[in-house]
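*Asks:* All chains should be built: construct the whole structure from the sequences, respecting the hints.
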Amino acid sequence: MLRTNLSALLLAASSTAAAHSFNEHQHIEFSYTVDCQGSCWNQPSPYRYQPTLDPYTMSLAEPELKLDEKPLPKYLTVQDEKDWDYLMGQTYTILGLSVATAGLMTLLPESITKWDDDQRSLSDLGKKWKDNVKEGPVWDRDEHFLNYVMHPYFGGVYYTSARHAGFNEFESFLYSASMSTFFWEFGVEAFAEVPSWQDLFITPFFGAVVGEMMFEAEQDIVASGGEVWGSKGMGDFTLFFLNPVGHIHGWVTNAWGGSAEFQFNHSPWFGNEQAAKFAMDSGASYDSQFYGVELKVYFN
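Mapped onto mature numbering (1 follows the signal peptide of the UniProt record, and there is no 0), the consecutive letters of the sequence shown carry residue numbers -19 to -1, 1 to 281.
Heads up, none of these hints are tricks.
The calculated lysine-lysine pairs, modelled on DSS-like cross-linking and capped at a C-alpha distance of 27 angstroms, are:
id	residue 1	residue 2
1	K51	K213
2	K51	K63
3	K55	K213
Here are the simulated distance ranges between beta carbons:
id	residue 1	residue 2	range
4	K213	D112	48 to 56 angstroms
5	V233	L88	22 to 30 angstroms
6	E152	F218	27 to 35 angstroms
7	V130	L106	26 to 34 angstroms
8	G77	D105	22 to 30 angstroms
9	D262	F126	46 to 54 angstroms
10	F182	K115	15 to 23 angstroms
11	P54	M131	24 to 32 angstroms
By construction, these hints were calculated from the structure, which means they are not laboratory data.
For glycine and all other residues, C-beta sits at the position ideal for the given N, C-alpha and C.
*Replies:* Spelled out as structure tokens, the structure:
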């Protein structure tokens, strides 16, 4: 009995010593103290996600992308950089529209265009152009509506063509001035009448002011969803009126899918030696001064 009690006492002493040694070398603290006041969620914590204002991080308030929306056509947008190819394409469109306009003017009454029968005639066009350019410019007697309404509008049409191609205000003015002066006044229109002082000044200068107003109005309508007075149809009509060249060029390009090249040429028969030889053999007189245009159309 004594031996049994002594063994139990030694075993208890050994367990107590082991427990003391464990608590001395491996102390573990399970206590937890809350130091924040109020809601701890409002306190900054390195372990909690916090949205940042990093510009490279997508904001949680970003609108969702609408993949079903179609991109705007090119004639309703403004190019980020100068697009010379697009401007050239619009220039070709202006060429075709100008020729059509001149042909249409031959059908208008003389009281409006001030063109007599000789000016409407298509004979001796080269001689008429040469004589008119030498005689001008003069102070014309056209209707006020043509001089002070239509010419500023067409100057604005030239201007907006350059603005949509990515050119600034001054560069667009230079384009409008060049088109109205050399292309129309001393070009297409000079085949029928003498260049006009009013048109040379009013078309580019007033056209730049009108054109910038047209350009800004168009962009406002596009930004509002293409509606005017709550009507989509009225919006489409207004947008066409503000940028007819861009719309027509876009329609023709989309329907046709081809391309065109236009250039002035001073070689008789455009360098076609066979046609020139045939003309000479037929008794045609040779004219050393030759001016013409060459239009090449490509279909895909």
